[in-house]
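All chains should be modelled from the sequences, with the hints used to inform the complete structure.
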Amino acid sequence: MSSTGEKFLVGIFDDEDILLHGVEGIRGKGVKIHEVYTPFPVHGLDEALGYKRSRLPIAAFLFGLTGTILALVMQIWMLGFDWPMIIGGKNFVSLPPFIPVTFELTVLLSALGMVATFFIVSDMKPYKTPRSYDIRSTDDKHVMAIDLTANKMSKEEIGQILKANGASEVNEKNF
Amino acid sequence: MAADEQYIFKPEAKRNILILLGVGVVLFVLGIFLAKSGGHHEGADHGTIEVTKSLVASTEHEAAAEAGGHHGSDPWLKRIYTSLWHNNIFFAGIGIIGLFFVAIQYAAQAGWSAPIKRIPLAMGQWIPIAGVLMLIIWFVAKGDIFHWTHHDLYDPHSADYDTILDQKSVYFFWLGTKGGFPTFYILRMVLFFGLWYWFYTLIRKQMLAEDINGGTQHWYSARKLSAVFLVIFAVSSSVAAWDWVMSIDPHWFSTMFGWYVFASWWVTGLAVITLIVVYLKDAGYLKMVNANHLHDLGKFVFAFSVFWTYIWFSQFLLIYYANIPEETVYFVERMKHSPYSWIFYLNLVLNFVLPFLLLMTRDAKRHMSMLKVICPIVIVGHWFDFYNMITPGVMQYNGGVGLLEIGLAFIFFALFLWVALNALSKMPLVAKNHPMMEESLHHHI
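Line by line, the protein sequences are chains S and D.
Each number in this note's numbering comes from the position in the first sequence (counting from 1) with 43 added on.
Just so we're aligned: 353 in this note's numbering is position 372 of the second sequence, and the numbers increase by one with no gaps anywhere.
There's no promise every hint is true.
[To be verified] Straight-line C-alpha distance at most 27 Å; calculated DSS-like pairs for lysine-lysine:
{"id": "1", "chain 1": "D", "residue 1": "Lys280", "chain 2": "S", "residue 2": "Lys95"}
{"id": "2", "chain 1": "S", "residue 1": "Lys216", "chain 2": "S", "residue 2": "Lys206"}
{"id": "3", "chain 1": "S", "residue 1": "Lys133", "chain 2": "S", "residue 2": "Lys50"}
{"id": "4", "chain 1": "S", "residue 1": "Lys95", "chain 2": "S", "residue 2": "Lys195"}
{"id": "5", "chain 1": "S", "residue 1": "Lys133", "chain 2": "D", "residue 2": "Lys317"}
{"id": "6", "chain 1": "S", "residue 1": "Lys72", "chain 2": "S", "residue 2": "Lys171"}
Everything labelled a hint here was simulated from the structure, so no lab data went into it.
So this is what it looks like as structure tokens:
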């Protein structure tokens, strides 16, 4: 992989409690954290990192609404105008039998749209090699990545802050 | 752990409930006078009703019988009976759902609900009262509410002989004589309330003993009892729905009906639990309960509003599509005729559209102000739901929602609140030694 010139400082944490307090302490010192990788979900980490709530539910609602409208328009057009058929003596356009299809298309579009949005937003695509700041984040270590170009402080200063807030190791990683 | 709370049933709360009761009584008495003087209103709809009646008469014997009007009390008295039965079924359901909620928590080994379990437990105190009321109302009003109790329906020599009901008669009259005392039916009513109350006392005993003794043995005992109760409730709630609600329209049947009544009870009970938790928190109780617990309660109300709609629609779609007169008559009565038509559609708005849209976001479920709006909507909505299950079958086209029905609902609500809050004040508000209290304290979603 060719170099992109991005420089990161990587702090390794052994324990999620130390990590949680560490995140608060490090952010309190004015250091911007790029991302934290943990081997398992850590409750409260999103809040500690100051992440805003995901807007994925809004996308899901809009996709669902699209599905609802699409299903109703499709069925009304097909059975009411394009090819009217008498089924069970009901009106050509009768709402109750349309509901199951409408429900299914709402759920389908909402689910597929949500997955697609998630993949696009998190930049997950085929043949993409994921960045690994430290391979041990898939095993037993919590890994904190700090983008040196996004922070005004020097490498040494940030390294000391990391150490002071519970990091067991501080490494450099360039991409 | 702040688990040392005691609810005090304050004089102000008692006074407010008594005011509610007083308003209910005044409305009820006014309603009786209005109903007596106004009589039953048959007017503009007369023509269409007659057409429907003749359409229906071949399958729905009672419509014809009512048109002839050869049995039953005055319309205003029938209205009181119907409303009593309706309100008692509705509030009996809320009480039994209290116990059901507790049992579900034990069976699922749920930790989050540890600090709020005393509220549904207190609601269960209504079960024996509802049972006694149910028996009394049944014996007073059976001839007016339950068409199948008339003995000439089972007499082959009578002009009113009804083959269909004769074939179903074992279900009511087993162990007795046809058209006489419905031994099997009453036995079931007594048995169900007896079993429910028995399990209520057993589970409550374990929960309260845990406060004193600590340890996990009471939790395990309560879980065992809960599992047994849930199996019993699965059967008894369905049969109760057939007995107490579906048998009002004795020719009609729906295999979804047990589920339908249960779904309506369950979501109402959840809304009542949520509302009581919210108001207790407003009054400064339940300090351990935070937005995460409210979120779970809100999710329950949201999810089971959708579940109710699913059951409602499943029942409706099959009957609509099959288009068999014996089945569709039920919806024709409710959808197409003036006293019930608006309730039929209102039912869907209050119980599906509003909870679905208003409770959809995460924030709505976590904020008490939003829950205070939606839970009453759901409770009122399901009151109307039960109204439309019960009244059309008894009152035919003479029903209506007036001061009488609203007043009686107030009376029942006041009595229910009194019993539940009184029970709540007799035990620690928060379990003292619940093994999962610590887990609930850190509940985070």
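Hint-by-hint comparison with the structure:
With a C-alpha separation of about 22 Å, the suggested pair Lys280(D) and Lys95(S) falls inside the 27 Å cut-off, and the hint holds. Between Lys216(S) and Lys206(S) the alpha-carbon distance is near 17 Å, which keeps this suggested pair within the 27 Å criterion. A threshold of 27 Å between alpha carbons decides the hint, and for Lys133(S) with Lys50(S) the separation of about 68 Å lies outside it, so the pair is violated. Simply put, Lys95(S) and Lys195(S) have alpha-carbon atoms about 23 Å apart, close enough for the 27 Å limit, and the pair holds.
Among the hinted pairs, Lys133(S) with Lys317(D) is consistent with the structure: their alpha-carbon atoms are about 17 Å apart, no more than 27 Å. Taking the CA atoms of Lys72(S) and Lys171(S), the gap is near 34 Å; set against the 27 Å cutoff, the hint is violated.
Of the numbered hints stated above, those contradicted by the structure are hints 3, 6, listed in ascending order.
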